[in-house]
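Those protein sequence lines, which keep their order, are chains A and B. Under the working numbering, the first residue of the first sequence is numbered 91, with each subsequent residue one higher. Under the working numbering, the first residue of the second sequence is numbered 91, with each subsequent residue one higher.
Because the hints were derived from the structure by calculation, they are not lab data. Note that beta-carbon positions come from the ideal geometry of N, C-alpha and C, so glycine has one too. Incorrect hints may have been included.
[What the hints assert, rightly or not] Computed from the model, here is a short list of chain A residues facing chain B with C-beta under 10 Å: (1) R216; (2) V218; (3) T253; (4) L264.
[Unchecked claim] No farther apart than 30 Å at their CA atoms in a straight line, the calculated lysine-lysine pairs in the DSS-like style are these: (5) B:K178 / A:K351; (6) A:K241 / B:K419; (7) A:K241 / A:K351; (8) A:K178 / A:K419; (9) A:K241 / B:K351; (10) B:K313 / A:K351.
Number of protein chains: 2
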Amino acid sequence: MHPDTLMDGVGSPLRGLERFYQGRRVLVTGGLGFIGSNLVHALVRRGADVTVMDALIPQHGGDEYNVADVRSRIRVEIADVSDSDALKPLVEGQEFIFHLAGQMSHGDSMRNPELDLGVNCLATLRLVEVCRHCNPSAILLNTSTRQVYGKPQRLPVDEDHPTVPVDVNGINKLAAEYYHLLYHRVYDVRSVVLRLTNTYGPRQQISNDRQGMAGVFLYRALKGLPLRLYGGGDQLRDFNYVDDVVNALLLAAASPGCYGKVFNLGADRAYSLVQYSRILGELCGAETEIVPFPSDRKLIDIGDYYGTYQRFRYVTGWQPQYDLADGLKASVDFFSREREHYVV
Amino acid sequence: MHPDTLMDGVGSPLRGLERFYQGRRVLVTGGLGFIGSNLVHALVRRGADVTVMDALIPQHGGDEYNVADVRSRIRVEIADVSDSDALKPLVEGQEFIFHLAGQMSHGDSMRNPELDLGVNCLATLRLVEVCRHCNPSAILLNTSTRQVYGKPQRLPVDEDHPTVPVDVNGINKLAAEYYHLLYHRVYDVRSVVLRLTNTYGPRQQISNDRQGMAGVFLYRALKGLPLRLYGGGDQLRDFNYVDDVVNALLLAAASPGCYGKVFNLGADRAYSLVQYSRILGELCGAETEIVPFPSDRKLIDIGDYYGTYQRFRYVTGWQPQYDLADGLKASVDFFSREREHYVV
């Protein structure tokens, strides 16, 4: 199931996207990273005029290899979003700005909270300030995280669920959301916030845990190592295959009904980590093992989480096209082909 | 009505405070500012061993004159909370840390959002980090603002009301709250967050609007200038006299039931701005005039606001002792005596 075929379905909201980005000037921050580079591929396929801005901060997932096969068709600037001088000329003239640069490791945000503040909070503030002053008609898409909710008080989590972040990353990403929404309200900057849940798939940094457990499990499965589950593995999660997330980003930015609003992404069902690791283990022939909860993780663990994306669906028609088995299969296929680069 | 007499009331929760801070080592950040300096006076009266840290950032309200009459009984360090090297030795050995340093002008936060982020967000993160590492047993009191709620969705506003800040200041103060609560949850730092509403009284910076309209009105009334009301003046607000706020700070930090929690302050009734200006005008012989809403203020106006402090009352017994007429009378008396310094 490749998204390009899915888009031919009658009435699919994705159909309208086929030509929408053709010739459009688009900036992708963090465009060398996991989701960013997949977005870049989707934009290039659609004929967009793509500029990538990426600081290649070690551990944040940026990798020039991620765009190697489209490198000649895009412009790449290695610079940090918090560098306003570098940012200004890149923002000017863009029609769409997808802001994916950031730090997403919950653990790293606790170990170095100030770096997380700089990358997720300050950089976003500078981005909206630059947009407001230099390009107020650009459409901004800000990627946030379900981590802003903290430990769910009710399930599934909708966008009105209280935000009680349980780590520094969640706090800073929430502040970043607020900046976007404020600049929409006060300065008419057209900004959308999407709260992503566990995203997995091609080009993910899977060799460490900084992009979440979904990636780590992929790595271990591909290496034939046992999949380690903390504390029993019955925690429920929802998973999105990266192509579905990319479609959501493209749809949201193209939908005026989304501007100034916050939306969850999510899946049609939740899986326990045991179920996740069994599906993956079967694809790769890897075992599952249960290990005790490490104390530093227990402190910021959120228990079960799954969110509802119904609000986003009502406004855009988006639905995930990949179920977990399909998505994991596509991911394993990709990483098997690209083993030499990603599975080291 | 002086608070020292109020505390003799049988069963008053304030009574127990009389000796509680005697000999206690206390750091007050922003201790040269409006509320901070009033707190310093209250602590000195109670025999506490007080250190003040204040950066004297122009426009933030810090003024050495505010503590001139107790200057020989306290230690004062002119330094910024975001300067971790300066902060560490001041935090070490303290039993209580009252964090009042900050920027509170909504308008300034929109004009210079990055400064607001540095002063309210980054400085707070550094403070909790230093506490966690250098003095994890200290009790922290963080002053926040009703501004985190934004435009009320229901009245009176309680602590579970959604937080939808309508200016950069509200966003950064909210992030600061989250840091405190997170460090409580994860590292057992004993931290309390109080959300203050419109506070007024002695030592307030009243010669500009950076500490709110209550102060500006006082200034104009004391100068005999007409009191200007935007857009009709029927917006409702709740007001706390600064001595009541100081008592709340002292009670909260002394109440283990408060640690790790967020509480509103508030008043027993709300007043429209017209009512406020009439009470004040009668005290000073000043007229009231209605002017159109300036466009930059309308954007961040929150309409009616009044909060309930019932949660804080249940845990600590606190109630405001000054009604608006008493508090304004006490304020006018203070500023009339100190006219030469404050009403210039």
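Verification of the hints:
1. R216: 7 Å, holds
2. V218: With Cβ-Cβ at 9 Å, under 10 Å, it holds.
3. T253: Since chain B brings a Cβ to about 7 Å from A:T253, closer than 10 Å, the hint holds.
4. L264: Holds - the Cβ of A:L264 comes within 10 Å of chain B, reaching about 7 Å at its closest.
5. B:K178 / A:K351: 41 Å, violated
6. A:K241 / B:K419: 48 Å, violated
7. A:K241 / A:K351: 22 Å, holds
8. A:K178 / A:K419: 41 Å, violated
9. A:K241 / B:K351: The hint holds at about 16 Å.
10. B:K313 / A:K351: At roughly 46 Å apart (the allowed maximum being 30 Å), A:K351 and B:K313 break the hint.
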